[in-house]
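Novice: Put chain B on the given structure of chain A with help from the hints.
Chains A and B, in that order, give the protein sequences.
Taking this note's numbering, the leading residue of the first sequence gets 1, the next gets one more, and so forth.
Taking this note's numbering, the leading residue of the second sequence gets 1, the next gets one more, and so forth.
For the record, the hints were derived by calculation from the structure and aren't laboratory data.
Wrong hints could be hidden among the right ones.
Here are the simulated DSS-like pairs of lysine-lysine, each with C-alpha atoms no more than 30 angstroms apart in a straight line [to be verified]:
| # | chain 1 | residue 1 | chain 2 | residue 2 |
| --- | --- | --- | --- | --- |
| 1 | A | LYS164 | A | LYS76 |
| 2 | B | LYS65 | A | LYS469 |
| 3 | B | LYS65 | A | LYS477 |
| 4 | A | LYS199 | B | LYS40 |
| 5 | A | LYS301 | A | LYS404 |
| 6 | A | LYS199 | B | LYS65 |
| 7 | A | LYS519 | A | LYS45 |
| 8 | A | LYS148 | B | LYS65 |
| 9 | B | LYS65 | A | LYS476 |
| 10 | A | LYS498 | B | LYS40 |
| 11 | B | LYS40 | A | LYS45 |
| 12 | A | LYS361 | B | LYS40 |
| 13 | A | LYS350 | A | LYS319 |
Which residues of chain B face chain A? A few of them, derived with a C-beta cut under 8 angstroms, are [as the list claims (entries may be wrong)]:
| # | residue |
| --- | --- |
| 14 | HIS28 |
| 15 | GLY32 |
| 16 | SER33 |
| 17 | GLU44 |
| 18 | GLN72 |
| 19 | GLY73 |
| 20 | GLY82 |
| 21 | PRO161 |
| 22 | ARG213 |
| 23 | SER249 |
| 24 | ALA252 |
| 25 | THR265 |
Glycine included, C-beta positions come from ideal geometry on N, C-alpha and C.
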Amino acid sequence: MKKRKLVPFLAITLVASLGVTACSFGGGAKDDKDTLVIASRSEPKELDTAKTTDGPSGIVTANVQEGLYRHAKDGKSVEPALVDGEPQVSADKLTYTFKIRDAKWSDGKPVRAQDFEFAWKRTLTPETAAEYAMILWDLKNGRAFNEKKTAKVEDVGVKALDDKTLEVKLEKPLPYLKNLLAFPMYLPQREDIVKQYGKDFAKNAKANVYNGPYKLVDWKQKQSLTLEKNENYWDAATVKTKKIEIKVMTDASAAINAYTTGQVQVANVGGDFIQKYKDDKEAVAIKEPTSAMMIMNQKNKFLANTKVRQALQLAFDSKEYQQGVLQDKSTAAGGLVPGNVKGNGKDLEKLFRESAPAEPKFDVTEAKRLLAEGLKELGMDKAPELELIGDDTTSAKRHGEYVKDSFKKNLGVDVKISSLPFQQRRDRTTNGQFDLVAFLWQGDYNDAMSYLDLFVTGGPFNYAKWSNKEYDALIKKAQENKSGDSQERLDAMIQAEKILLDEAVIIPEYYRTMTYLVKPTVKDMVFSSEGFGEELSFKWVQKK
Amino acid sequence: MARYILKRFSLMIVTLFIIITATFFLIHSLPGSPLQNAEKLTPELQAQILAQYGLDQPIHIQYFKYLGGLVQGDLGTSIANGQSVTGLLMNGFSASVFIGAQGLILGIVIGLILGVLAALKRNTWIDSFATGTSIIGVSVPSFVLAATLSYFIGVELGWLPANLWGTYEHTILPSIALSFPVVAQISRYVRTEMVEVLEQDYMRTAKAKGISRLAITVKHALRNALIPAVTVMGPLAAGIITGSLVVESIFAVPGMGKIFVDSITSKDYTMVMGSTIFYSVLIISALFIVDLLYGIIDPRIRISGAKE
Numbered sequence: 001m002k003k004r005k006l007v008p009f010l011a012i013t014l015v016a017s018l019g020v021t022a023c024s025f026g027g028g029a030k031d032d033k034d035t036l037v038i039a040s041r042s043e044p045k046e047l048d049t050a051k052t053t054d055g056p057s058g059i060v061t062a063n064v065q066e067g068l069y070r071h072a073k074d075g076k077s078v079e080p081a082l083v084d085g086e087p088q089v090s091a092d093k094l095t096y097t098f099k100i101r102d103a104k105w106s107d108g109k110p111v112r113a114q115d116f117e118f119a120w121k122r123t124l125t126p127e128t129a130a131e132y133a134m135i136l137w138d139l140k141n142g143r144a145f146n147e148k149k150t151a152k153v154e155d156v157g158v159k160a161l162d163d164k165t166l167e168v169k170l171e172k173p174l175p176y177l178k179n180l181l182a183f184p185m186y187l188p189q190r191e192d193i194v195k196q197y198g199k200d201f202a203k204n205a206k207a208n209v210y211n212g213p214y215k216l217v218d219w220k221q222k223q224s225l226t227l228e229k230n231e232n233y234w235d236a237a238t239v240k241t242k243k244i245e246i247k248v249m250t251d252a253s254a255a256i257n258a259y260t261t262g263q264v265q266v267a268n269v270g271g272d273f274i275q276k277y278k279d280d281k282e283a284v285a286i287k288e289p290t291s292a293m294m295i296m297n298q299k300n301k302f303l304a305n306t307k308v309r310q311a312l313q314l315a316f317d318s319k320e321y322q323q324g325v326l327q328d329k330s331t332a333a334g335g336l337v338p339g340n341v342k343g344n345g346k347d348l349e350k351l352f353r354e355s356a357p358a359e360p361k362f363d364v365t366e367a368k369r370l371l372a373e374g375l376k377e378l379g380m381d382k383a384p385e386l387e388l389i390g391d392d393t394t395s396a397k398r399h400g401e402y403v404k405d406s407f408k409k410n411l412g413v414d415v416k417i418s419s420l421p422f423q424q425r426r427d428r429t430t431n432g433q434f435d436l437v438a439f440l441w442q443g444d445y446n447d448a449m450s451y452l453d454l455f456v457t458g459g460p461f462n463y464a465k466w467s468n469k470e471y472d473a474l475i476k477k478a479q480e481n482k483s484g485d486s487q488e489r490l491d492a493m494i495q496a497e498k499i500l501l502d503e504a505v506i507i508p509e510y511y512r513t514m515t516y517l518v519k520p521t522v523k524d525m526v527f528s529s530e531g532f533g534e535e536l537s538f539k540w541v542q543k544k
Numbered sequence: 001m002a003r004y005i006l007k008r009f010s011l012m013i014v015t016l017f018i019i020i021t022a023t024f025f026l027i028h029s030l031p032g033s034p035l036q037n038a039e040k041l042t043p044e045l046q047a048q049i050l051a052q053y054g055l056d057q058p059i060h061i062q063y064f065k066y067l068g069g070l071v072q073g074d075l076g077t078s079i080a081n082g083q084s085v086t087g088l089l090m091n092g093f094s095a096s097v098f099i100g101a102q103g104l105i106l107g108i109v110i111g112l113i114l115g116v117l118a119a120l121k122r123n124t125w126i127d128s129f130a131t132g133t134s135i136i137g138v139s140v141p142s143f144v145l146a147a148t149l150s151y152f153i154g155v156e157l158g159w160l161p162a163n164l165w166g167t168y169e170h171t172i173l174p175s176i177a178l179s180f181p182v183v184a185q186i187s188r189y190v191r192t193e194m195v196e197v198l199e200q201d202y203m204r205t206a207k208a209k210g211i212s213r214l215a216i217t218v219k220h221a222l223r224n225a226l227i228p229a230v231t232v233m234g235p236l237a238a239g240i241i242t243g244s245l246v247v248e249s250i251f252a253v254p255g256m257g258k259i260f261v262d263s264i265t266s267k268d269y270t271m272v273m274g275s276t277i278f279y280s281v282l283i284i285s286a287l288f289i290v291d292l293l294y295g296i297i298d299p300r301i302r303i304s305g306a307k308e
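In isolation and in its complexed conformation, chain A is listed as follows:
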């Protein structure tokens, strides 16, 4: 009988597995003054700035790269970054000439105007299939080239006149151009590096060069990213913290535990923890450029009636929903455009909502009256059951229950809730298979137009299938901005939103807020709601 035992087999397994993993252990994060550790709620998806689309990637790129402008220390405005002085602007406000300051990439080579031209054109090239290419459509011929229509790459309105001079031509005057230039798609890229790495470009820390306050030195998938101070950064003297570690922690309680024990000093608060921590003295609430609403599908005969929609709009109490169900720091909404979005009128810093206040409305008596009239117009004696589709998450289910309860109680309208997996809910939204859908929209740039153009006739995202000529005309007027008068443009947008709300195309719910926990030892961490909805800037951060 052979004498073999399990023990050696198991021992071999352990030794082998230790061998496999030995290399994956780095040093643990020590709580020292030079290293700041941050918990991120998810893994960055794409660090190639032509293709990036998600918040966590935006946080990384905003700190390792630098464009013409960057989000300023106040978290609200933008400030000059690689641009040297004010640009020259032509009389028709369509041509801008930027001077580029002396700056270097992390490999020591100078940042040139050609790097901007290359990056922007690469994003617009149809083969790049950049999801956010439309953010560059305001460049002359940007859209025509991107959509493979009339223009060629050389027709696109960006050109390096020499190493230090960048000429930008626009389709129409843009009062918010500086804001736009701080967006990830407007960052420069090095042609030689992009070509050298090909498909692997920006897929790991080594496959790119950096010109921002930090450089990416390590990226462990699903685990962590390490940023180190970029000594070649033009403003390196301002950067105080030597190392930033971003830990990927998808579980809300894991992030809180790591924060409590001091393993991380900054953490995003998710799930039910938001209610627990919202008034904590270490909590920071950041208003997102995100508007939450319910969209009513006007392909449904019942919902095509304006009075019916107005009735539903008045029967939803967004204040009660925010205070009773959400219980976080978000704001009950009365309009489409969130409170922190700029109007870009005469005063460029003034917010859209300051010029066009829209208080949440809730009036059951009026709602009942409107519904009765609407039913009469339709020749119906009872409202049909409406299907509300939403995600199969806890918060979406709570939302569904609240809506069902409100409409039943206030109007006697029955709502059937369909909780669907994300992908399915999304497909049914885009295919118009719903009566009501819970919808979140995050603007792409800091201007009310990023919300209002959703609802133009035939627009790809006009899921309400609503059509109004006056609205279309106002949006077109503001978009073309022929007079170049930014106040006129703002007035057109204000009028357009009023029509949208009066016609009850949407039921406004809330403007979303994100909560972060920040240890008191961390100073000058800058949060802004630009870019992809959240941005943390480490340029000025210090640990005491």
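Specialist: Below, chain B without anything else, positioned relative to chain A:
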């Protein structure tokens, strides 16, 4: 023996092929687009991106292309983040296998000791303790155990890191959390079998021959009692090594479990296929090894059916 191995091996390949085919068509038949931001993309742009991943082609062509790549060892790139599937799986696997193997060994050792002691000291407090432990191990869900360990030992007592990954200390709590169900299963199986074996005639014979109690227990009783435990050990090992979503999330371990679940919810076709294949190979191999181990532990089981 060689013939048996060859036969089992070809069966493994066929099984794998069936799994690959079924998974491929099932995942492609799920409703919903694999594009992450489809809600914000114009139809033209969606078409452009799908074309980049070859997803615009008819399904059977996609299938043969995938098989072609697979034969060359290419699992493709993840649709969700453009990274190589093999690279992502290897990263995740190294973390999962580490805490998994550690948890498994811990679980087996403790499970064996508890099981043997419980059988030898039947109906004493030791037996009750072992039974209690295994009931807890089986019935308490792992998220409760993991969260409790992370909170009390990590946050409240501060003895070990509450979560994150980086040093050896970070692996201890997740391994303990993973070992609980193993302890429970192994100790129950071993106890039940031991009790039966201890009653056998040959045990009495061994005792009569004057063999020491320790030798009887280890050589005669435990060896025979191990067979059912080994049966469950294969799948248990594969399951634990390929990662537990819950334990990995709570301890922020960058492991396989998370990859697997994420890929399904985001409809990341290539990632789902990659992790399914990986998982299948692991389970099939584990079952194969268990079959071979039977022969070693119990010579009465002849795996080759061959001549002596």
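Novice: Each hint needs a verdict: does it hold in this structure or not?
Specialist: Structure-based check of each hint:
1. For the given pair, LYS164 (chain A) sits about 28 angstroms from LYS76 (chain A) by alpha-carbon distance, which is consistent with the 30 angstroms threshold.
2. Distance hint between LYS65 (chain B) and LYS469 (chain A) is unfulfilled; the C-alpha atoms sit about 49 angstroms from each other, more than 30 angstroms.
3. Of the supplied pair hints, the one linking LYS65 (chain B) and LYS477 (chain A) is violated, its CA atoms being roughly 50 angstroms apart against a limit of 30 angstroms.
4. The hinted pair formed by LYS199 (chain A) and LYS40 (chain B) meets the criterion: a straight-line CA distance of about 24 angstroms does not exceed 30 angstroms.
5. Straight-line distance between C-alpha atoms of LYS301 (chain A) and LYS404 (chain A) comes to about 20 angstroms, which keeps the hinted pair within the 30 angstroms bound.
6. The suggested pairing of LYS199 (chain A) with LYS65 (chain B) holds, with an alpha-carbon distance near 19 angstroms, which does not exceed 30 angstroms.
7. Restraint check: the Cα-Cα separation between LYS519 (chain A) and LYS45 (chain A) comes to about 27 angstroms, which is no more than 30 angstroms; the hinted pair holds.
8. Annotation: proposed proximity of LYS148 (chain A) to LYS65 (chain B) holds, straight-line Cα distance about 28 angstroms (limit 30 angstroms).
9. Among the hinted pairs, LYS65 (chain B) with LYS476 (chain A) is inconsistent with the structure: their alpha-carbon atoms are about 46 angstroms apart, more than 30 angstroms.
10. Proximity of LYS498 (chain A) to LYS40 (chain B) is assessed by CA-CA distance (about 24 angstroms); at most 30 angstroms being required, the pair is judged to hold.
11. Between LYS40 (chain B) and LYS45 (chain A) the alpha-carbon distance is near 16 angstroms, which keeps this suggested pair within the 30 angstroms criterion.
12. This hinted pair checks out: LYS361 (chain A) and LYS40 (chain B) have alpha carbons roughly 29 angstroms apart, not beyond 30 angstroms.
13. Proximity of LYS350 (chain A) to LYS319 (chain A) is assessed by CA-CA distance (about 25 angstroms); at most 30 angstroms being required, the pair is judged to hold.
14. For HIS28 (chain B), the interface hint is violated, since its Cβ never comes within 8 angstroms of a Cβ in chain A; the closest pair sits about 13 angstroms apart.
15. Checking GLY32 (chain B) against chain A: minimum C-beta separation of about 3 angstroms stays under 8 angstroms; hint holds.
16. The criterion of a C-beta within 8 angstroms of any C-beta in chain A is met by SER33 (chain B), whose closest approach is roughly 6 angstroms, and the hint holds.
17. The beta carbon of GLU44 (chain B) is positioned within 8 angstroms of a beta carbon in chain A (closest approach about 6 angstroms), and the interface hint is therefore held.
18. A least Cβ separation of about 17 angstroms between GLN72 (chain B) and chain A goes past the 8 angstroms threshold, and the interface hint is therefore violated.
19. Taking 8 angstroms as the C-beta contact cut-off toward chain A, the hint placing GLY73 (chain B) at the interface is violated, the least distance being around 17 angstroms.
20. With 8 angstroms as the threshold, the beta carbon of GLY82 (chain B) comes within range of chain A, its nearest partner Cβ sitting at about 6 angstroms, so the hint holds.
21. Because the closest C-beta pair between PRO161 (chain B) and chain A is about 6 angstroms apart, less than 8 angstroms, the hint holds.
22. Of the supplied interface hints, the one on ARG213 (chain B) is violated, with its beta-carbon coming no nearer than about 20 angstroms to a beta-carbon of chain A, more than 8 angstroms.
23. The interface hint given for SER249 (chain B) holds, since its Cβ lies 4 angstroms from the closest Cβ of chain A, which is under the 8 angstroms cut-off.
24. For ALA252 (chain B), the interface hint holds, the least distance from its beta-carbon to any beta-carbon of chain A being 5 angstroms, beneath 8 angstroms.
25. Interface restraint check: THR265 (chain B) against chain A, minimum CB-CB distance 7 angstroms, threshold 8 angstroms, status holds.
In summary, the numbered hints that this structure violates are 2, 3, 9, 14, 18, 19 and 22.
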